[in-house]
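A.B. asks: Dock chain B against the given chain A, drawing on the hints supplied.
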Amino acid sequence: MAQEMIEGINPTRMELLKLKQREKLAVKGHSLLKEKRNALIMEFFNILERVKGSRDEVAVKLAEAYQDLTAAQVTMGDLAVRKAAMSVTESVDVDIDSRSVMGVVVPVVDSKLKERTIVERGYGFMDTSVKLDEAAKKFEESIQLIIELGEIEKTIMLLAGEIESTKRRVNALEHIIIPRLENTVKYIEMRLEEMERENFVRLKMIKKTMETEAV
Amino acid sequence: MSSKIAVMADPDTVTGFMLGGINDGFPVSNMEEAGDKLKELAKEYSIIITTEKIGDNFRETIDKISSESALPMIIEIPDKKGSIDRESDPIRELIKRVIGVEMVE
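Which chain is which? The protein sequence lines are A and B, in order.
In case it helps, the numbering used here puts the first sequence at residues 1 to 215.
In case it helps, the numbering used here puts the second sequence at residues 1 to 105.
By construction, these hints were calculated from the structure, which means they are not laboratory data.
Hints are supplied without guarantee of correctness; some may be wrong.
Footprint (simulated), chain B over chain A, 3 or more residues, beta carbon under 8 Å [what the hints assert, rightly or not]:
no., segment
1, 62 to 72
2, 86 to 100
Pairs of lysine-lysine residues, derived as DSSO-like cross-links and limited to a Cα-Cα distance of at most 27 Å, are as follows [stated by the list, open to error]:
no., chain 1, residue 1, chain 2, residue 2
3, A, Lys61, B, Lys4
4, A, Lys167, B, Lys64
5, B, Lys81, A, Lys52
6, A, Lys112, B, Lys4
7, B, Lys39, B, Lys64
8, A, Lys83, B, Lys53
9, A, Lys36, B, Lys64
10, A, Lys112, B, Lys96
11, A, Lys52, B, Lys80
12, B, Lys81, A, Lys137
13, B, Lys43, A, Lys52
14, B, Lys64, A, Lys137
15, A, Lys61, B, Lys53
Positions of the beta carbon are idealized from the N, C-alpha and C atoms, including for glycine.
So here's chain A without its partners, still in its complex pose (with noise of 0.2 Å):
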């Protein structure tokens, strides 16, 4: 393997410490980045522990939903079922708060579904039948789940994004920039200590020729 190095660095005492200083930097924060990824990755399973069937239950619940809402179609007309749709009053009350998985911000929605009698969904009862009825109820429960749904899976794509970038930057630390600032650590201090060995010599020699000067 090449021997990777910061380019353009003078093998001086001064570059070395200010080098040995940025290694002790980027290594902490590697061990910091690297908590900070695996904290992430233990909340990731934990919402994955609920994504879990929740989309299946989701497609079965609006499937008998769209069933019963076809079914009225059939009976009452499309047109009657849009108007009765229109009538209708909100059922869901949702708070939208956020909380923070180590600096991402996630979602937490509170949703409040009105359990209501038929009476008070807001259509009238001369031209409505017993379908409508059924599908109403159906899709306010399925309403709950999606937005259930959505929460979690909103979570997961902003905890997942920031998982990627952390993993990106977990690796570029410890597989180039720390190799590099120990590489060039180690080159410098080569080099200064051959300086000192080719200083020695050279003192050596002025000794001695000193020496036979003198006598």
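C.D. replies: For chain B alone, kept in the frame of chain A given last:
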């Protein structure tokens, strides 16, 4: 803070959700309309429910919106023809990329 929910989908799906109690329904009949509407709704609503079909058509736009910030969240649901068979579920794909192995069955 109370947040607003919108449904943007084909007319039948919108009717269904309005019946379920979401007042802001936006029926769209073609994809061009859906794209414009999506961008418009993303500014105003915090939860947008749309169908998988629309989601697949505007994957890039949605990814951009959802990766940038916590809100709005865009949720894709199957429409009345049922969930479409995808070669890969975007979420599962994401998990695979992050963890490195297949996790969710």
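A.B. asks: Hinted pair, alpha-carbon criterion (27 Å max): A/Lys61, B/Lys53. Please report holds or violated.
C.D. replies: holds (18 Å)
A.B. asks: Is it true that the CA of A/Lys112 sits at most 27 Å from the CA of B/Lys4?
C.D. replies: It holds: about 13 Å lies between the C-alpha atoms, which stays within 27 Å.
A.B. asks: Take the segment 62 to 72 of chain A, compare each residue's beta carbon with every beta carbon of chain B, and decide whether three or more fall closer than 8 Å.
C.D. replies: Answer holds; 6 residues pass the 8 Å Cβ test.
A.B. asks: Under the criterion that the straight-line Cα-Cα distance not exceed 27 Å, is the pair A/Lys112, B/Lys96 satisfied?
C.D. replies: Roughly 33 Å separates the two Cα atoms, so the pair is violated.
A.B. asks: Can you take a look at whether the segment 86 to 100 of chain A is actually covered by chain B? Rule is 3+ residues, C-beta closer than 8 Å.
C.D. replies: holds (count 11)
A.B. asks: For the pair supplied as a hint, A/Lys167 and B/Lys64, confirm whether the alpha-carbon distance does not exceed 27 Å.
C.D. replies: Roughly 21 Å separates the two Cα atoms, so the pair holds.
A.B. asks: Quickly compare the C-alpha distance for A/Lys83 and B/Lys53 to 27 Å and report which way the hint goes.
C.D. replies: Cα-Cα ~26 Å, so holds.
A.B. asks: Take the C-alpha atoms of B/Lys81 and A/Lys52, compute the straight-line distance between them, and say whether it is at most 27 Å.
C.D. replies: holds (23 Å)
A.B. asks: Below or equal to 27 Å on CA atoms is what counts here, so check B/Lys39 against B/Lys64.
C.D. replies: holds (11 Å)
A.B. asks: Regarding the pair B/Lys81 and A/Lys137, is the alpha-carbon distance no greater than 27 Å?
C.D. replies: The given pair, whose Cα atoms are some 20 Å apart, holds under the 27 Å limit.
A.B. asks: Assess, step by step, whether the Cα of A/Lys36 is no farther than 27 Å from the Cα of B/Lys64, and give holds or violated.
C.D. replies: holds (25 Å)
A.B. asks: Is the hinted pair B/Lys43 and A/Lys52 satisfied, with a Cα-Cα distance of at most 27 Å?
C.D. replies: Judged against 27 Å, a Cα distance of about 30 Å means the pair is violated.
Violation of the numbered hints given earlier is confined to hints 10, 13, 14; the remaining hints are satisfied by the structure.
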